[in-house]
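Residue numbers (the working numbering), protein chains in the order written: chain B, 74 to 372; chain Z, 4 to 433; chain C, 31 to 294.
The set of hints was computed from the structure by calculation and includes no laboratory data. Some hints here could point you the wrong way.
Said to hold, decoys possible - Which residues of chain C face chain Z? A few of them, derived with a C-beta cut under 7 Å, are:
{"no.": "1", "residue": "Gly57"}
{"no.": "2", "residue": "Glu208"}
{"no.": "3", "residue": "Leu272"}
{"no.": "4", "residue": "Val274"}
To be verified - Output of the computed footprint for chain C on chain B, the stretches with three or more beta carbons under 8 Å from beta carbons of chain C:
{"no.": "5", "stretch": "234-247"}
{"no.": "6", "stretch": "251-257"}
{"no.": "7", "stretch": "294-303"}
A virtual CB, placed ideally from N, CA and C, is assigned to each residue, including glycine.
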Amino acid sequence: MSSFWIILTGALVAVTCSLLGCYLILRRMAMVGDAISHAVLPGIVLAFLISGSRQTIPMLLGAGILGILTTFLIEFLHKKARLQEDASIGVTFTWLFALGVILISVFANKVDIDQECVLYGEIAYVPLNVWITDTGTNLGPQAIWIMGSILVLVLIMIFTSYKELLVTTFDPSYAAAIGFSTALWHYILMSMVSLATVASFESVGAILVVAFLIVPAATAYLLTDRFELMLVLAAVFGILSSVLGYLLASQIDGSIAGAMATMTGLIFVLAFIFSPRYGILRKKNEADKTGMIIEESKV
Amino acid sequence: MKFFEFFSFTDPNIRYVVVGSILMTVCSAVVGCFTFLRKRALIGDAVAHSVLPGVCLSFLLTGEKNPFILLIGAFITGGLSIFLVEYITTKTKLKEDSAIGIVLSVFFGIGILLLTAIQHGGNANQSGLDSFLFGKAASILPEDLYSFGLVGIILLIGVFFFFKEFTLISFDRNFAEAIGLPVKILEFMLTSITVLAVVTGIQAVGVVLMAAMLITPAAAARYWTHNLTIMMLVAAMMGAVSGIFGAYISYLAPSMPTGPWIVMVISMIAIVSFAFAPVKGVFARLRKQIKNQKQITDENILKLFFQLGEKDQDFFTARSITSLLERRSMRKDLLKNGLARLTDQGFLSKTKDHWKFTEAGKVKGQRVARLHRLWELYLTQYLQLAPDHVHDDAETIEHIITPELEAKILEQLKYPEVDPHDTKIPYKDF
Amino acid sequence: MIIQVPNPILEVHDLTVAYHRKPVLWGVDLTLPAGSLTGIIGPNGAGKSTLIKAIMGLIPLSSGFVKLFGKDLDEVRQKVSYVPQRESVDWDFPASALDVVLMGRYSQIGLFKRPRKADKEVAVECLRKVGLQNFANRQISQLSGGQQQRVFLARALAQDADIYFMDEPFAGVDAATEAAIIEILRNMTTSGKTVVVVHHDLQSAVTYFNWVLLLNMRLVASGPTEKVFTQDLLQETYGGKLTVLAKVGDLLEKQQFPSREDKA
Chain B
74 MSSFWIILTG ALVAVTCSLL GCYLILRRMA MVGDAISHAV LPGIVLAFLI SGSRQTIPML
134 LGAGILGILT TFLIEFLHKK ARLQEDASIG VTFTWLFALG VILISVFANK VDIDQECVLY
194 GEIAYVPLNV WITDTGTNLG PQAIWIMGSI LVLVLIMIFT SYKELLVTTF DPSYAAAIGF
254 STALWHYILM SMVSLATVAS FESVGAILVV AFLIVPAATA YLLTDRFELM LVLAAVFGIL
314 SSVLGYLLAS QIDGSIAGAM ATMTGLIFVL AFIFSPRYGI LRKKNEADKT GMIIEESKV
Chain Z
4 MKFFEFFSFT DPNIRYVVVG SILMTVCSAV VGCFTFLRKR ALIGDAVAHS VLPGVCLSFL
64 LTGEKNPFIL LIGAFITGGL SIFLVEYITT KTKLKEDSAI GIVLSVFFGI GILLLTAIQH
124 GGNANQSGLD SFLFGKAASI LPEDLYSFGL VGIILLIGVF FFFKEFTLIS FDRNFAEAIG
184 LPVKILEFML TSITVLAVVT GIQAVGVVLM AAMLITPAAA ARYWTHNLTI MMLVAAMMGA
244 VSGIFGAYIS YLAPSMPTGP WIVMVISMIA IVSFAFAPVK GVFARLRKQI KNQKQITDEN
304 ILKLFFQLGE KDQDFFTARS ITSLLERRSM RKDLLKNGLA RLTDQGFLSK TKDHWKFTEA
364 GKVKGQRVAR LHRLWELYLT QYLQLAPDHV HDDAETIEHI ITPELEAKIL EQLKYPEVDP
424 HDTKIPYKDF
Chain C
31 MIIQVPNPIL EVHDLTVAYH RKPVLWGVDL TLPAGSLTGI IGPNGAGKST LIKAIMGLIP
91 LSSGFVKLFG KDLDEVRQKV SYVPQRESVD WDFPASALDV VLMGRYSQIG LFKRPRKADK
151 EVAVECLRKV GLQNFANRQI SQLSGGQQQR VFLARALAQD ADIYFMDEPF AGVDAATEAA
211 IIEILRNMTT SGKTVVVVHH DLQSAVTYFN WVLLLNMRLV ASGPTEKVFT QDLLQETYGG
271 KLTVLAKVGD LLEKQQFPSR EDKA
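One chain only, chain B, in its complex shape (with noise of 0.2 Å):
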């Protein structure tokens, strides 16, 4: 059974990470995206030592503020410090996670988490961490109700404001003339990723949080041509990574999340080599290209 939840943990994860991280790329935020998961961790920990314990509701608003700061830090040291963009992605989440870091090492006595567990989670301990009501019923573990919630929200996200994402993603000026606010949908995504960031993080750590949240939507992106069909991959991507990473560090007695983000590149590599039409293999698809511009000029 414990298998079960470890996998169903993982696998909420991936779709939830796998379908913002559809939406990172095509935005080119893909490094915003690492900024940001790794910038909860001082949120996270700060709101453990205020609050005192473990719980959900402080953990993500301490972590969803941190990752809106995140985005505005890396604004602000671009646009009003003027410092190149990449920099100010690098100097904005080195520091935060630094800090996260150096406060769990300081307040090692009184925070429960230790700094491995910050990079590679602790999903082999999710189905201990069970969530029993006050008759006592068993509900299952808690990480799985969180994600799942989490998961749910992220949908939706994507199924009220499909068409608002869509055209904030593709073209920017374009929605902004058709009076779409592309700064709010810009926040509500970032907002979403660090949600699902710092939920992810307890069970994977912040290595697979950014593992899910690029390389499966990058391995879809390069199968298909159709944004619904991008994020179904995406999504089956995920699953199939945490089924088949769970099957490896079993294998091998090492760290699940390590193996799992192991596997999302696996799925990569054969995306990229077989890909029909974006595969390194590719070759006669170019000779359909110019037989596509001759027909065109005929009209």
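Since the structure of chain B is provided, determine the placement of chains Z and C on it from the hints.
Frame of chain B; chains Z and C shown alone:
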């Protein structure tokens, strides 16, 4: 006192640790300047993370923690990561940021997988490998220092001899190519040096935060100078300070990871630089804006005195705040401050609640009024603006025109007599 | 020579736009008549794109205001459409031609609602108008430059606006496509729409447009094509930058001066 014990450097172990930490942070700070200028800061992050599987693989293959072998493994996977980022960006429609993210997270994932597998594998030799994650300056041993030191020195010598070439390809790659430099080879060298810098730094800083040592000192140093040589020296100094501090923390609390502390120190230096550096810093810019605002207020007051003087045909009448505000609405507190400043500077003289022009004040007020009218005329003549649309623009531009520009405008307008509103343009011999 | 018209569809008043405090457009005052096919003409770096971006509210104004149909943009957004430069988007985006054209319906559809069948029909019809009916499901990166430009045009048509601003719609387009596009634009204006186009080819401008704005950091001329296309005015537009203007701009940037006193 631990502080004096440490900073007297009498203990040879402390000396090793200090020298080692400084060397590591200085190397990455110097090389980071090129990384920063080439806008490849985040690639540094990918390299840093990708070093981990290399370290683990070398250990798995040889079964020992020989620093030199670990370095070679780290160098190979670090270099591979740069190659892969470029390969993915050129071969697919994926953009660079995604490629970096993919390489970084997958390599690091593999690294973690191997590391944990090694840890669970029970090889007694492995303890300490995990200090590559967040760094541990205190664990620098003499033999580590030799290998890391050697790499560091090779690297600094490389930078020294190819400084000119590296600078050129960082600033203007096309130009470097045009004058016949072997750009490809130089880029390869620079890339190798970057990887070496990361590899050297990891024992003190750790792979997770190593990117900061490439980016942050360079970014901070950039705020203090425009000169690359000086920028490198400043970055190196900042790196050294954070390195010493890291070593000290490691000495005080051996269980603490040093990387985060080093990064915290260098980040603080950077934040102070962003905020307070002269000219480029945020506060310097704010101060400049406040100064501009004061200059605008002062010049407007002088112009006001001049205009009132024109109207009364007497430039040296003493005027009260009320009479000034009758002609032009201004915020009263700003006006009061401005009057006080101008009196101090000798452009106005004050008697009771009245102020009047001094000779110098009249000359300056006249100049502002003249520039205002000249600019209005310029706009109507050269930009075909309607005379009733030019006033607002002239209100700003009158404060910024230099004497050389004034001469040029006069020449282009052929020393005009009147502005578009038929008001006389006052000249010095007026 | 700046000709002002009564009851203009577009009024730009004392517009100054600055990047990093350096003005790239100075004091533009202009009015456009409804139903015109207007070309914005000028050398590179003259601020042509900046002008329409400023009109569309995409960049902050240092001074002045813009009125469309005598109102602020926010009140009439539905009636205003915009075609950005082709290079401004990533054509590797996973979307089909139809998906992009459908975006033209988004402002009518309303928040949180999805496009309906009727919207799709409009989009298909617009694709037909630009001659791309057979390409509806083609991924946009597999279209040629001219086809991509026509997809953008179709998207603007799908919005069914009354005034259209187009940034370089002829850039990177073959002659046949250019002729096809200008034909569509002409049809639009004969049916009462107003079209404003950023264009940089002088030769074709004479035949394409019935109203022309000559721009070079400032508005040199605005009026009917035959009156504006004079040797003198063209000389003034293309005869290099005004050195004084450029220098003052540099000073504003360097000294970090506000473009308007009250906007400090």
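Comparing the hints with the structure gives:
no.: 1; hint: Gly57; result: 5 Å, holds
no.: 2; hint: Glu208; result: 28 Å, violated
no.: 3; hint: Leu272; result: 6 Å, holds
no.: 4; hint: Val274; result: 6 Å, holds
no.: 5; hint: 234-247; result: holds (count 11)
no.: 6; hint: 251-257; result: holds (count 3)
no.: 7; hint: 294-303; result: holds (count 7)
Checked against the numbered hints given earlier, the structure breaks only hint 2 and satisfies all the rest.
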